[in-house]
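**Q** What follows is the residue order along each chain.
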Amino acid sequence: MIRIIHRISISQTSVLVKNQQDLFQINRNKSFCIFLRILCSQFLTFQDKISENQNFTVRVFRANDSFLIIYSKYPMAHIKLLNEELPGITGLLNYRPETAKSLLNLAETLLRSESTLTSGERELIASYVSHLNGCHFCHTSHGAAAAAHLQCDLDLIDDIKQNFATTGISPKLRALLNIAAKVQKGGKNVLPEDITLARNEEATDKEIHDTVLIAAAFCMFNRYVDGLGTFAPKENEAYRQMGEMMAFAGYNRPR
Amino acid sequence: MPHIPLPEHLPGITGLLEYSQDTAQPIRELTQFLLRGENTLSAGERELIATIVSHNNECKFCTSAHTAAADLLLGESKTCKIIKQDIDKAEISEKMKALLKIAKMVQKSGKSVTKEAIELAKNNGATDLEIHDTVLIAGLFCLYNRYVDGLASVTPADPGFYEYLGERIVNHGYNRLPQGYDHLKNK
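In order, the protein sequence lines correspond to chains A and C. Just so you know, we're using our numbering here: the first sequence kicks off at 1 and counts up by one. Just so you know, we're using our numbering here: the second sequence kicks off at 256 and counts up by one.
In case anyone wonders, no lab produced these hints; they're calculated from the structure. The structure presented is a predicted model; accordingly, all values stated were derived computationally and were not measured. Don't be surprised by glycine CBs; every beta carbon is placed ideally from N, CA and C. One or more of the hints may lead you astray.
[As the list claims (entries may be wrong)] No more than 20 Å apart at the CA atoms, straight line, and that leaves these computed lysine to any residue pairs for SDA-like:
no.	chain 1	residue 1	chain 2	residue 2
1	A	Lys182	C	Lys315
2	A	Lys234	A	Arg112
3	C	Lys363	A	Glu84
4	A	Lys188	C	Leu329
[What the hints assert, rightly or not] Reference excerpt, derived from the structure (chain C facing chain A, CB under 7 Å, subset only):
no.	residue
5	His258
6	Glu273
7	Phe288
8	Arg291
9	Gly365
10	Val368
11	Glu371
12	Leu375
13	Gly380
14	His387
15	Val390
16	Leu395
17	Asn400
18	Gly405
19	Val409
[Unchecked claim] DEER-style ranges, computed between Cβ atoms:
no.	chain 1	residue 1	chain 2	residue 2	range
20	C	Lys336	A	Asn94	50 to 58 Å
21	A	Ser115	C	Val409	49 to 57 Å
22	A	Lys234	C	Pro262	45 to 53 Å
23	A	Gly134	C	Glu293	31 to 39 Å
24	C	Asp343	A	Asn94	34 to 42 Å
25	A	Ser115	C	Asn441	41 to 49 Å
26	A	Asn189	C	Leu384	47 to 55 Å
27	C	Glu418	A	Lys80	51 to 59 Å
28	C	Glu313	A	Pro171	48 to 56 Å
29	A	Asp155	C	Glu293	45 to 53 Å
With the sequences and hints as input, model every part of the structure.
**A** Structure representation (structure tokens):
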């Protein structure tokens, strides 16, 4: 993902590269620009890697006549993270350990503590709400965690987007997902009839409570992840191992 | 009436946090750290973030409670009133205006935060950590607002209730009261 081409340190120029043209304008210093172009063309095939919708980040650290050039497939986050190779929330958790502890404890309690809802069901709620919030990282990673719990294929991640067209889910979970979707829009959207629907499928008060809180919590997590502009790998496969770790080692695993 | 049975003497968020204490613990800790922990943003400034997000989520309970807390911490009630209408008209720093604008974007969705809004905050002296905390506080209140309204917890109509709650938040912070909340039963 990130490749160090030539190492040296000190002052930094950061540029978000959207196309080859931008790269030429990185620095007005012509000789520097040519140098940069040669270095980058050695490692980047622009036609391949910079497609229309894909942003590239090239970071150039320079001092005197040497350079450290780092390019990454993903745009930089809105803030300078300590480790820019960590995707989604993981880079943020690493950046601010003081808040990470509570955030991870909350995820652990909501998704993995003892409950009459299985962890698989709770991860589905988390992934579904994240999908509705358009948060690719959370949707895919929690979808992968659900798949790990439920021992099913990663295609589950795509089926969540189709409102569980092919995955067999219980009428109770469907009623709870309906409540979660209302919470995602705004708390006031949850109507007494939504609650009645869930109760008719034998959802308990605690299950309704937990559903609302999981949905609300992911309205926080999703905003945290996207609001700071973190990057997210695209393919489902990139989340397989992460999902297994989330499911089986949990959120408070050593990092 | 709340969607699930909650302790009647504890309206709003408190009843929910008492109903589910194991989930309340990390939420309380996070809030205490973000709103009261050591920070280059003052506690009053951070309460403004909580207020504007709750206001835009139309959560009456949270808006009233955090407005009361912010008013106490700032020693005036003008700022809260104005930022709900027009951030630029408030007598606060340019940095704070930019951070409140970011918070308003986060309220809509994470993706609606623009590079320009981040640049504006940075150009007015906001640090990365301040931007981080602003986004996370705004996210946290999207949780609270949905939690409170999604379960239809009680929103008291009496303004006196929020004055009391504002004082409690300012004096005791966000941790659970050591003695619990039974003393409020006959109030």
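**Q** Is the hinted range of 49 to 57 Å satisfied by the C-beta distance from serine 115 (chain A) to valine 409 (chain C)?
**A** Cβ of serine 115 (chain A) to Cβ of valine 409 (chain C): about 26 Å, so the range 49 to 57 Å is violated.
**Q** Has the given pair, lysine 188 (chain A) with leucine 329 (chain C), been kept, meaning a C-alpha gap of at most 20 Å?
**A** The given pair, whose Cα atoms are some 30 Å apart, is violated under the 20 Å limit.
**Q** Do the Cβ positions of glycine 134 (chain A) and glutamate 293 (chain C) conform to the proposed distance bound of 31 to 39 Å?
**A** This hint holds: roughly 34 Å between Cβ atoms.
**Q** Next item in the hint list is glycine 365 (chain C). Is there a CB on chain A closer than 7 Å to its CB?
**A** holds, 3 Å
**Q** Min Cβ distance, asparagine 400 (chain C) to chain A: is it shorter than 7 Å?
**A** holds, 6 Å
**Q** Between aspartate 155 (chain A) and glutamate 293 (chain C), does the beta-carbon spacing fit 45 to 53 Å?
**A** holds, 47 Å
**Q** Can glutamate 273 (chain C) be said to touch chain A, with a Cβ gap under 7 Å?
**A** violated, 12 Å
**Q** At the C-beta level, are lysine 336 (chain C) and asparagine 94 (chain A) separated by a distance inside 50 to 58 Å?
**A** At 39 Å between Cβs, range violated.
**Q** Hold the hint about phenylalanine 288 (chain C) up to the distance rule: shortest CB distance to chain A must be less than 7 Å.
**A** With Cβ-Cβ at 6 Å, under 7 Å, it holds.
**Q** Taking the closest Cβ pair, is valine 409 (chain C) under 7 Å from chain A?
**A** violated, 13 Å
**Q** Does the alpha-carbon distance linking lysine 182 (chain A) and lysine 315 (chain C) stay inside the 20 Å limit?
**A** holds, 18 Å
**Q** I want to verify a distance hint. Is the separation of the beta carbons of glutamate 418 (chain C) and lysine 80 (chain A) within 51 to 59 Å?
**A** violated, 42 Å
Going down the numbered hints, you'll see the structure goes against 2, 3, 4, 6, 8, 11, 12, 13, 19, 20, 21, 25, 26, 27, 28, while the others check out.
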